[in-house]
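> Respectively, the protein sequence lines represent chains A and B.
Quick note: the first sequence uses the numbering used here, first residue 539, plus one each step.
Quick note: the second sequence uses the numbering used here, first residue 7, plus one each step.
Misleading hints may appear alongside valid ones.
Simulated crosslink set (EDC-like; lysine to aspartate or glutamate; CA at most 20 Å straight-line) [as the list claims (entries may be wrong)]: (1) B:502 x B:529; (2) B:643 x A:875; (3) B:287 x A:875; (4) A:594 x A:692; (5) B:490 x B:426; (6) A:1094 x B:454; (7) B:391 x B:426; (8) A:868 x B:284; (9) A:572 x A:692; (10) A:873 x B:284; (11) B:443 x B:426; (12) B:362 x B:426; (13) A:1094 x B:545; (14) B:140 x B:151.
Just so you know, these hints were derived from the structure itself, not from any lab.
In this text, all values refer to a predicted model and were calculated from it rather than measured experimentally.
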Amino acid sequence: MFLQTWLLPVALLVIATIVAFPLSRYLAWVMDGKYRQLPVLSWFERSLDSGPQNWKQYTGSLLIFNTALFVFGFLVLAVQPWMPLNPDAKGMLAPSTIFNSVVSFMTNTNLQHYAGDVHLSNFSQVFFCISNMFLSASVGFCSLVAIIRAFRGEASLGNFFVDMWRVVIYMFIPAALIFGIIFMSQGSPMTLNSSYQVSTLEPAAMGTTDKGEVKKQTIVVGPVAALESIKMLGTNGGGFFGMNSAHPFENPTGVSNFFNTLAMMIFPFALVFMYGRMLRRLRHSWIIFSVMLLLMAGTIVWSICFDTLRPNPGLTAHATAQTFQIPNAKAPGGKQDVTIPAVAGLPVDQHLGNLEGKELRFGTSAGATFAALTTDVTCGAVNAEMDSLNPLAALSPMVGMWLNCIFGGKGVGMINMLLYVIIGIFIAGQMVGRTPEYLGKKIGAREVKLAVLALLVHPMMILMPTGLFAALDWGLKAVSNPGAHGFSQMLYQFSSASANNGSAFDGLGVTFGFANNATPSPTAIPWDIATGLVIVFSRFLPIIAPIAMAAFLGAKTTSPAGLGTLHDDTPTFGILVLGTILIVGALLFLPVAVLGPIAEHFGPMPFGG
Amino acid sequence: MNKASKTEETKSATPGQPHSSHRVKRRGLLDAETALPALKQAVIMLRPDLQWNNPVMFVVEIGAILTLFSIVQMAFGKSASQVPLTYFIALDIWLFLTVLFANFATSLAEARGKAQADSLRRARQKTMAYRRNKAGAIEEVSSADLKPGDIVVVEAGQMIPGDGEIIEGVAAVNEAAITGESAPVIREAGGDRSGVTGGTTVISDRIVVEITSGPGDSFLDRMIALVEGAIRQRTPNEIALTLVLSAFTLVFLIVVVPLWPMAWNAEQYMMGYLGASEPLKSLGTDIPTLIALIVCLIPTTIGALLAAIGIAGMDRAMQANIIAKSGKAVELCGDIDVILLDKTGTITIGNRFATKFIPVGKYNAADVGRLAAMASIADETPEGKSIVALYEKESKTRVSVPLETQPVPFTAQTRMSGVDMPDGHQIRKGASDAVIKFVEAIKGRVPEDLGKIVDGIASQGATPLVVADGAQIVGVIALEDILKPNMIERFDRLRKMGLKTVMITGDNPLTAATIAARAGVDDFIAQATPETKLAYIREHQAAGHLVAMTGDGTNDAPALAQADVALAMNAGTQAAKEAANLVDLDSDPTKLIETVEIGKQLLMTRGSLTTFSIANDVAKYFAIIPALFAGTLPWLKPIDIMHLHSPTSAILSAVIFNALIIPVLIPIALKGVAYKPLGADALLRRNLLIWGLGGVVVPFIGIKLIDMVMAGLHLVN
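Excised from the complex, chain B in its bound form (with noise of 0.2 Å):
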């Protein structure tokens, strides 16, 4: 365990609390909890029936079996070579070691997976939990006993007991076991914040929840279940390139096993030439050599870290605290080209601020912001609060009222609040029809310039609200969405990685296409429902775009269920949660952004890695070709471009090379290739360049390496 999780936890965990797990952590690469196990799994996985999973590295396996065959029988005399025993002894201790290096990798991205997993479930405990029966009375029960439909009271400082839905009031919860985050977020009935998960705890107040799930499915039960269930499960895209590579095994082999004969075919023609009695031998009809061949030429590398490369990108989302019900979700959020983002929460801050006070009449800025404020007093709504900030910020005065004063609080009919003061001064402040009403009921007067004020506000996207004191109509206070911050920036990246933004929002057309414009987005829907939402993602996707998008209301279900990719809130409802394929723990929806990111990441290196382990093969055939007909066709020495030391250094190198690439790209298959968003065209001239050049040519520069360290230790004759 590294040091960063210790500080991490001691934080989260408060005494007198039960124990809760961690936000899940970033691992190094090589902690001692995941690599021993991953280094005991594998030595298992050599088991022919476990390796056989893997197509390609099972014929590395059959391979140094065979070449352990010729050993022993060479060994024992029944068999001569020209060359020592020393070289198929090394030969096949590397193939054996190039099986163990892929197992490894595919093991140790497995048990970094499990100890996400492991740790997520350290939040599942037994607890007591408080049932209230039909009777309406109390009972003590262990939560494992709970059964959906159950109705338990949850009090402050105590743990939640399974997943439900709050009936009953409004509690702050601390869901740092499952999200890591310590500060409490509010939970109450009703609406869309009503969902919470057993587990956590409850830090204020009392709630009243209805059980959803019975013992063991609940939904981190289900998540845990899923994360390592879809560890093993193979994605569309990895099954086609599990394919590629089978077949380039077979490719391969169909090369490799007709050079027995025409090897064969040269010795003859040498003996011929040479006048010799003794037929010829050279490594080309020499069995290991031919095993190492085809092991030097099969995918290896790639075969070795697909496994890795899979798990890894779902461990990376895992990391975000994003729990994928499935691989295949992770790998097609690489492929989403619109994404839907509701705009307050997401886009905007979520309530809207005061930003101008527009005056009227004979009033001026400063009369406006105070009467605004005074009116605002006792509001303790965001949109209040900006107001009273707003004024002490301009004015650089605090705002007092009288002890005396009375507040008004909003009330849907009269849409307006307020104060009364001592002196019976009325200050109000509200929609502009409701005030106009107001003023008007009072014989007072409306300014002219009212109505333009107030409609080029609202033209702008803002909301106006109109003051007025008494009688008389002061001014206007325009209150605007603010977007939440870099939002433009992370806008400007989504449209260079190809995506197309599409705003959500109920606010009219006229204030949704301001908001649009000031964020960047490319699109929006205005006065969404759930239907409208439902119909553009519908309507995109019969266009064959692949749509993703956020969602935390039961309402959202259908489109979230229609969506390519849906990320749910995991304060959301269940239904939600059920219907999307991924679920935030954190509950941001820019999250989905990094999805994206993830996605594209996790396709990426798998391309890359394939593109690098094929173009090694050219550099392989130049140092082993020539060794290969060293015996027998000796004037082929000009191909042996790398001057490499003698035929059997020259392919322990190529095999040594082929079994160390493997290690030296677990840190990359485990982290990813960096995703730059580029667009397509100079992301793949780049990784093109990297990776498909850079395969070409390392190999060269690596074989050569080794094959100088061997000859200079003497390791080689």
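Only chain A is shown next, with the shape it has when bound in the complex (with noise of 0.2 Å):
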């Protein structure tokens, strides 16, 4: 029990870790242009390259190449039905759904108000899904890349559209091609045709027409083995089905599951080492590495406890009813009496934990270890319906969105990583008598000024929205349940948008599904909207400003360190990084936190009374 609960997650951490220090250097390698280009290839890259770029040329750059990826991707979604590769004549998705899936794949969040296996065409999948998952990837590798060189004091940050082709061509291709094949074969189907008519085991398992003839099954395929591998590589997250990683096609195997999980952290681990590598300082990269490993075990740790090692609260037995006084309404200074009855439980053997959404092939951690680890990484695909989990064990994905730097996506991770750096150099780095340095650089009032704007959109777009939703109709009634459990679902998708995250708590009325749908969500259309633009704004200020920020500190004059300077490669260090995290971290969600998830496990049970 012991060995089959904790064997995953650490193999995992290990083989991850193993993989991802010597890719590091074949990353560096490729970004810093010491390849030979294949002839082939040459001539495209030539092509590519509009000369060297300063930090505005570079995220101008950026920004072009992120409007023509909406406006290709609005133009393919939207003309879905008249394309080819649509036997089944899928329609239209609805004009706000559309906004909000070009801009969540175009940001690498996949948050999907809609179902893959329902509302795209094969068509659609393939350009726009995947054209994305490795577009909008590379776009987060190379902003990171853009920010090593202004650290290292470049005048140019390279070429942003060389730095993509090397990602999408060197890194991506190769790496998206071997894990294809391992979903291969493990038995991810990889087809251009749409769906099968089959007819089930069981006569009649999918009910009977008015005629009396016997429903057949449609078993939708396509490619879906391509999709899965940038989907986990990229960090992407978006699912050929609506239910990702948990089914069968996008996951068939205990062994795909590990190759699904273990996908999507080696390029998040890798950058760490390939910052390090770069700036050769691979002592300091270390430092952080340990920091991120022990939040994402301390992330893991905490989900499986409480949900793998705990049972189900709703099927477990409360003997004894609670009494509890809050101040009465009626009467001010009087009291009033709640009382949470004594609940019955259910004869469900729950010797494995909480088994409720998972899927039992992975093996009894998995979903819990999947639960955490996408959302560290900022990938966002699931393997077992996280609405389901124990209420404590959700808050492990919420924190992992919330902090957003425990390796975090693909290179913006790593920059919020490198922002709560700066912050707590600049608060605690002083307490060594020098005014604060990183990387050698004096820390002045502009970086701080950007450091501190990059890390206050996050908050800013989790909290706020949520608190709006909160007190409205269009949160109020688009949750499943009411109360803390109903808090935890707006919270979620919320937290997930403005990561850049994806995953969803589900159990939210948010898809409209086709435009031409007659009885939609009433709420879809306002869940479009905030949450495109939720992920919008934290996508690109938390790209921008650190990069405007880099580029100033790069071009200061670098002291030598020396005894009185703060070393950067130090435990002492990692501490002060951990701590700043931690403590800015708990200040800026504790309170959410205790509404939703900890409201909910002290709450009456099962779910919000």
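Dock the two chains into a complex; use the hints.
As structure tokens, then:
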């Protein structure tokens, strides 16, 4: 039982580290342009190279590229009904959903207010989903590389388009090929066919038509393995199927689950080392890596302890009623009692922990492990139902999104970590009696302003809209449960959007469906638009501001390290960074954590009375 | 005024002389002279336009005013609440107290700074001046009428009417008015000690001074203005920190504002759960309580003390008799990593001392000592005196010569000095080549081993003086540089602080290396010229170092201007003082070491209190959040880990703690966090433990204590 629970997470962390370390060397080698261009490809690379760019040109190119991606994505989804590879004649999604999906995929978020198997044709899956998955992951990657070059004090941050080319061609395509083949070997479909009609083993399992004919089951297929590999490698997370990595075609076996999980970890892990290598500060990156790994292990242990090792409270007996006193609403100053009644248990064997919403073919702890990992690395894929996690266990994926720096997504996670590092050094680093420095460069008012600005966007984009929706019908009518659990659903949705994560707590009425849907969810449009806007703000400001910050910081003279300077490669430094993350993170999100998962945990069972 | 300063005053003010001020004194933290005006100023600063200077406290003030409005509303029965009105009144009082405490911290530090400036200003008073006009006649004018370029004559007992340079004469000057040091110093025309400051008194002799500054623009005037200006001036680090604090304030507004609808959501849910018809009302939707939460979360502690910390830093420099031309200069001191120190006067006592007598030929050491002492009997230079002293110490006899002995003084031509005895004996001591020439001229013989001995002494960094008795060379005197006491320890301390020490000397590289090794400095510049100093500073700055140096001469000015931190000696020339950003009134070059520590302490105090302030918030959350939702989500009781008496008591305790921690920390803000040269990493570990971990733990204890006291006294229900 012990081994069964802990082998998977430990193996994942260890193997991901072992793979990431040498991989980082390759990444640094490629991004420093030390490779020989393949003859067939060199023409492309030369024509893409528009010359060295300063930080304004680099971010300008990044924004132009994303605008183009937005227009292209919008077009692809809008013309879906008239495009090929659409034998099932899928219609056009509602415009608000298209807007939401396009910004979501453009920004590596992959929040899906639709279900891929129901609403998208294979044409859209290939030209919208898969292409965006390669490109959006690369954008974050390139931003980090630009920051590294700026920190190195280079006048040019490189060329955005060449960087994109390098990431896609030399990293993601080969890696995606390898993982695609693994997923195919495990049984993921890889076809341009759209669906099969099959007779079910059990007669009439799908019901019968009015004429009494036995209905056939529609099995949706498509280029699943191709999408799956980049979905995980690029920490995109948008599933081919609505069920995401819990679906037997996306994630057929325990083995595929292992590789699925591993795939989302290796690049975020490797990027930390790449950062150290490119700056020639490998020891520093080891410290950052350790902090991240510690936090990641913490979130995994937390979710396993509160989910895999705890029964589902909804099925468990609560033998005694609990009575609490609250002020009386009718008589000011008076008291009234609130009683949580005793609940009888259900006859369910719970010795394997909370199994609600889990795929048992992956093992008992796979769901909890995946839940923690998918938000730590901002992937957003799921292989278990987040909504069904035990209340406290659900805190773990939320913390991953709130901190947004436990490895994080492609590049941006490391960038967020750098912001915490800068703030930590600025506040606590003064305690060594020197003007705070990072990489030997003095942190001044301008750098701090940009770092704080970038850090501020995230809590603002989570808390403000959550507060707004919590008080309006948009939120109150969308949740599937009242009270704390419903609050968690809203909170999770905006956290996921702002962290550019894309996983969903589910239970929210956010799906409009096709534009001609007669009975859409009434709250779908506000959710489409609100999360879409959150995604955009939380994506670009925290990329542009840090690049500017790095450019200003990098331009300063480097003062050599000495006995009097704060060393960034010591365990003490790690504690400083860890403390900054925990305290700042706790201060920002403790109130909502209390109102959501914690209130649910202590409150009446099952779920919100 | 405390006792210590009174006695000092009586000591320095000798009768018959114009009343002069005293050393800038150390103050008790709360003497009436500064505390009362500070208290008044704290209230005046409540004016919103003044309060705006401190954005964090401005937010608190707005919150306190809003709370006042809602109290008035409630008092007139326009709105109702579950909790009694007294809770809101208590809350509001503490919010206003928070602002007042913050203002008091700032104005107290300002008042202390002003008091320092005032005590300097007392030195500046009108006197009569004796101006020499073009015709050479002396006329009596008021010192206020002096213009730059005027020539004045100052006699013993008179006060120097303005800043200037001595152009004729030499005098002992009492500079107690600015330094507090009553021992007079020598100022003379030409050289690096020609600068005099207005307000100081000539004790002996007569000097002619060319006035260099106009009325109201004297060095002291400008210093006072700078100190007063610098008090309100924000340093770059302070500006950046203010930004971060404002951002944190904004962040917590972002955290707390959405809490209102969220709490409303919980109320709605609970209404449904209870099937109640009346809407529930929790503290979570109570505006004054949310204001209290904001106030507790925003970094009020450091926001309140930030200005005080900066002012106190300058104040500490002033207490060390260092005038900083800007707060930035003090702050920069902490960042210094290369420190240039003149050998003479800083590392060594300044004069060479005889340490050994080495005989040649048939003579013994006692002979050498006796003859050397006789040769030096009329030598008034410190070297000469040290020779006599060494002989008398070694032989325990006094040196004496017959009455008719003729002294032969040192001249640049002979490069020797000595005595001619009544019997015709010529005893000489001097540079080896000069003495050899002298001996050979009177057909004497130069011993073979002389050259080796002389070279041996020179190679050890000492200066050999050869002694001759007539045509006989007797032996050699070794003159050595003597290190100032404690210098080795101080360099060790500097090294532990991570500073590289560089000795500047005019000596040859060999001598310089020996002394450098003995003193324990890391590097040296031998045969230093102003150009080599400048080049050395530039080279290190290009490598990213921040360089500090001291200087007093006009030729030091370019290097002083180039250095990041430049400490000029007040006794030095005007040019040096202009070029430097710090001036030491005591003219003690080793002060540079102290300034580095003052700078480091300033930055450390700021970092420590910021860390403490932010770490405090964790505990406040645990007090306030359960209280906010006690009315709607009563099952959140388990997160009230402090087991506070009641929701209102919890919130009041947090607010009271938040307010009281400000005056509690004022002494630390003013005195500064103790700096220990441990190296950055050990220092960080130590301070993270004290201020980081301490910042998390202390408020848990403090809030619980306040809660217990209030509950015990039945102040809360």
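> None of the hints should be skipped; say for each whether it holds.
Going down the list of hints, with the structure as the test:
| no. | hint | verdict |
| --- | --- | --- |
| 1 | B:502 x B:529 | holds, 16 Å |
| 2 | B:643 x A:875 | holds, 14 Å |
| 3 | B:287 x A:875 | holds, 15 Å |
| 4 | A:594 x A:692 | holds, 14 Å |
| 5 | B:490 x B:426 | violated, 36 Å |
| 6 | A:1094 x B:454 | violated, 62 Å |
| 7 | B:391 x B:426 | holds, 18 Å |
| 8 | A:868 x B:284 | holds, 7 Å |
| 9 | A:572 x A:692 | holds, 17 Å |
| 10 | A:873 x B:284 | holds, 14 Å |
| 11 | B:443 x B:426 | holds, 18 Å |
| 12 | B:362 x B:426 | violated, 24 Å |
| 13 | A:1094 x B:545 | holds, 17 Å |
| 14 | B:140 x B:151 | holds, 16 Å |
Hint check: violations occur at hints 5, 6, 12; the rest are consistent with the structure.
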